[in-house]
Structures are given as structure tokens and as C-alpha cells.
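Undergrad: Let chain A serve as the given structure and place chain B on it in line with the hints.
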Amino acid sequence: MDKMPGWADAVLVPLISLLLAAILSALVIIGIGEDPVAAFKLMVDGALMRSSGWGYTLYYATNFIFTGLAVAVAFHARLFNIGGEGQAMIGGLGVALACLYIPWPNWYVALAGATVSAAIFGALWALIPAYLQAKRGSHIVITTIMFNFIAAALLNYVLVNLLRPQGAMDPATARFPEATQLPTFQDMFSTAETAMFRGAPANVTFFLAIAMCFVVWLLIWRTKLGYEIRAFGHSESAAKYAGISPVKITIVAMLISGGLAGMMALNTTMGEAERLVMNATEGAGFIGIAVALMGRSHPLGVLLAALLFGFLYQGGAELALWTNIPRELIVVIQALVILFTGALDNMVRMPLEKLFLASRRKA
Amino acid sequence: MDFATLLQVLDSTVRLATPLLLACLAGLYSERAGIFDIGLEGKMLAAAFFSAAIAAITGDVWMGLGAGILASLALSVLHGLASITFRGNQLISGVAINFLAAGLTVLIAQDWFSQGGRTPSLIGKGRFEPITLPGAEAAADIPLIGPIYAELISGHSILVYVAFAMVPLTWWLLYRTRFGLRLRAVGEAPEAVDTAGVSVVGLRYVAVGICGVLCGIAGAYLATALQAGFVKDMTAGRGFIALAALIFAKWRPWYALSACLLFGLLQAVALRYQNIDLGAFVVPVQFMDALPYILTVVILAGFVGKAIPPRAGGEPYVKER
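Chains as they are written, first to last, in the working numbering: chain A, 1 to 363; chain B, 364 to 684.
The set of hints was computed from the structure by calculation and includes no laboratory data.
Do not take every clue at face value.
Here are some, though not all, of the chain A residues that point toward chain B, as calculated from beta-carbon distances under 7 Å [claimed, not checked]:
1. Ile150
2. Arg175
3. Pro177
4. Ala239
5. Thr323
6. Gln334
7. Gly342
Here a beta-carbon is modelled for each residue, glycine too, at the ideal position from N, C-alpha and C.
Excised from the complex, chain A in its bound form:
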């Protein structure tokens, strides 16, 4: 056996990568003349020490769970879906149309309906790149990038020219009806004496995200389709010999991925803004890439990585509020995480592998 033990591969490598990213981020903070320890303390205080901080952390994490799962499912089929951002934008359109034009009796029926609508819209936006990859061999990364830009232009057009209420200036839809508004954590967990999660945007979609983690786990490891997706991801030629259709798997995996990305819009559009605004995705589609890489494409890993990024986002907002460190610090950290856990993976893995082999030879 010339392999590392499984736990080292699944836990140690990402942890070391994360540590490297953290050290570099600390150096960046020192470089702009701030104290990294104080900054970290401020982030923990703002994101984890109050229930309202948790309310924001979990709100951001909800976005990242959806987009992280989206990227992860595609990764299992060895497809790099970089188009989560565009799929989430179009998913938002699905949410808005469902909420505005269907008279829902109450929020949970509305949530079910909007979920289906968001997933269908997101999946359809992934369909053309998927079809082109499967049938015409055009590279999915390039087409999904192009579709992100096309989605932004389309959404801009729809909001400015079609869905904007008369007389309104900003490109956004009208406010959704009362019956579609989702209960927030504040509504759910506050008692008469103590208000919990005051003013925080976290809402019931968080539990939907957790449920989707479980569903994706079932799908990938407990169904025939999941087996086919993984087999296809490991070796396309072997999968072909086993009678698995590459066209079918590529398209189905991308539809699931796009659907998950589209569902992210439930949280931002239906749960928080209660109308569709131009920049509803807030770059969460791209953070899904970092989350999936760090979580090793496993739903549990995605959940943990999403919580971490939720913490970073809320903590970063606190930093921007109280110090001279702009929010863009989070973008840098996100870049470093993608770099170390994704692109420079071998830099961590190779020496570690050598270390394990050397220790085994001694034993």
C-alpha cells in the first residue's frame, strides 16, 4: 500500500490547507497595519457571541450550503460547474415569479411551490451548458462562465423592463405578498421574555438546506444514479463499458447541480429581501466553489465549510464596521482557501504522503 490513511486524506490535508490560508490571511492583515489577533477576536465576537450574530452567520451559511452542494454534485461527475452564480440568479427569477403571480394560501405551501420553481429555473439555466458539454463537447467551464454573464444581462433586462413596478426607480420587483413571507429565526425561537436572533435574516430555509445535505448524501452514496455519477466521475471509459450513458449522467448531474444552485435564491429572495433585487446572489455562487473544495465534495464537509464561510462573512462585515479592514479581506481569504485546497492541493499532499510512507517503513 502506498497510500495515506483515509482520515489523513479527508481531514488532515484540508486542515493543513486551511491553516496555510489562515497564516497568509494573518500576514495580509499585518501588512495593512492591523492586529490579526484582535481582528479574529472581533470576528468571533460579532459572528458567534450573540444570537443575532449567529442569525447572520447561519443566513450566509444557508446560501453557501446550497451553492456548495451544487458544485459538489457536479464535482462527483468530474464536471466543474462555475455557473452557480448565474443559476442562482435565474433561480431567483423563478422564486419571484412564483411568489408574485400565484396566490399562495400560506408560507409553507408557498415555500414548497417556490422551491420547485427555483430548482426548475436553476436547472434549466444549467441545461444548455450541460447539453453542449455532453453532445457537442464544448467545455462546461467556459460555457457556464458565459452563462453567468448572460444571466446577469437577462436578469437586468427583466427587472428594469418587465418586473419593475410602475414609478419605482431601482431595478427590483414589487414586494412579495404577505402570505409568502417566511418565518425568521426571530419568529421561531423568541419567547415572550427573551428575543432571540433579533433582526437577523436567518430563516426557515436553513433547515431546508440541512435537509438537502441529507438528500444529496442519499443521492450520491445510496442510489443507483449516485453510483453512476461517481463511476462516471472516476473514469468515463469504465463507466461507458459498464453501460452508463455519459450524455445522460452529464446532463442529469448538471440539472441537479443547477437546481441546487437555484434553490439558494429562496434564502436571499424569499427569506430576506422579500422581493427580487439585482444583486441577490452576492457572489455566493462562486463561494460554493471554495466550500465544495474544502468540504471534499461530501455533504457533511460542505455543511462545515459553509458554516466556516458564514462565520467569515459575518465576521468580515463586523471588521468593516469597526476597523479599517474592508470587506474585501473575505474575498482574499476565499481566494487563498480555493488556492490551497483546490489548485495547490498537491503541494500539501505530496510531502504528507512521503511522511506517512516513511513512518510506515520504519514500523
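TA: Just chain B now, with coordinates in the frame of chain A:
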């Protein structure tokens, strides 16, 4: 549309096509050598910031240009390290570089200048000024040819002429020199290049390096010639339009020029006219914005000629033992 307006639109086409062309040729070198690069955007952005920042501090635009090229080159080395030395995923590395540049530029800009993530406006020697070509003023009165020479061809900054000169130079380098043959070979069949005793790693690093220099010039052009200073996210997707142009051109230099001019024209028209009223229906400005991407998807779909990337693109090379 009268002649003067047409000239103005074409003039702004040239100016808007220049950064696209430089970035597109940058990508051409890298991808022809088998290294996919979706980090063109990030490299341009880093170069835009550092060129504007150094030009603002020193008051010398040439120092700015140098700093921009160095910044872009540093990110290129990172990309090379990830994708050549450590054989990582080139696409993921590109994504990381884009985010790194987007975050770091604002972070450093805020630290250095405290102007909300922008640099001070560049004045005087801090910018590339338009060059008036010899005889442009004298020729301006000649009908038809005069205005074309004076308005369209003369009166751009030096970097515009550099960009256009890069097209024949790139063609010559790729198709008429030994280096070019090897560069193309390393993107198609690296094992053959290796068998011939030429270093695959070395060649790919050189290609990635050239890509860095060209992206550096592109970014410096944006911040010190097209505009006067850096603002947050000022590349605004140009790196991706350049990537689209590269695919549109099927990785060939002369076609890259036409693709970039076409996409530059789309930008110029969208900038000038917003919504275009064609009588029967109105073409919305958003459609013009999305058109480069839509055209690229159509080309990629293979309905109008098939775009086939270099065969070894995206694959790290592992030497046989």
C-alpha cells in the same frame, strides 16, 4: 448616422478593443502551450491597480507600467506553480487568482490611499497621452482619407499601437520561429516535445510568463490610458470577454484581432446608444452586453464552425520514468 459619428464609434471601438486584444493574445500564448487561463481578468485587475498606484505615487506612467507588468507576472508565476509544478487544476487556480486580485487590490488601495478602494486621479505624466502621428493635422482636411487618418488611426496612446503590433509579431513568433513551433507542440503533444529533449516545464513557464506581461500591459492600459486611475473591479469582465474572443478566434492571432475588434465595436455601440431603436423593435442595451457571450456559446456549440482547443490544454504533464 453621418460620417463623423461613424468615425467616433470606430475610434472608441479601437480604444475599447485594445485591452481585449492584449488579454486575448496573452491567453493565446498560455493556452497554445497547454495551460488554460481563466485568470486573465485577475491579472489585468492587479496590473490596473499597481500601474495606477505607482503612477500616482511616482508621477511617472512608465514606472506604473512596469509595476503593473510585475504584479501580473507575479500572479502568472503563482498560476505556473499551481498548474505546472504542482500539477493542480488549472481552472481552479485561475478562479483563485481572480478572487485574489479582486480582494487584494481593494485592500491595498484602501490601505495606501484611503479613498474607498480607488487610487487618486492621474494627471499629466501619470497617464499615457494620445500620440499625434506625423502629418495628422495637415492631412485632416483631405476628404474621406484625411479624417480617417487624423481621427481613427492617429491620436491613440502608445499602448494601442503596441497592442496592434503584437498581432503580426505573435503570428510571426508562433508560425515562423523554432520557439513558436515548440510552443504550439507543447500544447498539442507535450510527450513529443519531451522526446525531442526540450523542457516541457520550461516552455510552459515561458508561455505563462509572456501571458503575464501582456495582461500587465492590458491592465496598465485600462487604468492609465483608457481611464485616469483605478476603481474597484474596473476590468468589469473584460478578461472573460477576451477569453471569449480567444475561443471565437479559435486560438489564432489574426482572427483574435477581428474577434476583439468585433467585441470592442459591440461595447462601443452599447456605450453610445443604450437601447437601439430599429423601428420594428428595440434592441435592449442588456442584449448588446450579453452578445459577446452568446456568440461565443454559439461558436462553442459548433453550429458555426467548430472551436477545438489545443489537445493537451488543461492537462498537467507527467514525465514518464
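Undergrad: Are the hints correct? Go through all of them and say.
TA: For each hint, the structure was consulted:
With its C-beta approaching chain B no nearer than about 5 Å, Ile150 of chain A sits inside the 7 Å limit, and its interface hint holds. A cut of 7 Å between beta carbons decides the hint on Arg175 of chain A: the least distance to chain B is about 24 Å, and the hint is violated. Given the 7 Å rule on beta carbons, the hint for Pro177 of chain A is violated: about 28 Å separates it from the nearest Cβ of chain B. Residue-level restraint check for Ala239 of chain A is violated (minimum Cβ-Cβ distance to chain B is 20 Å; threshold 7 Å).
At a threshold of 7 Å, the smallest CB-CB gap from Thr323 of chain A to chain B is about 11 Å, leaving the interface hint violated. Because the closest C-beta pair between Gln334 of chain A and chain B is about 6 Å apart, less than 7 Å, the hint holds. The restraint placing Gly342 of chain A at the interface with chain B holds, with a minimum CB-CB distance near 4 Å, inside the 7 Å limit.
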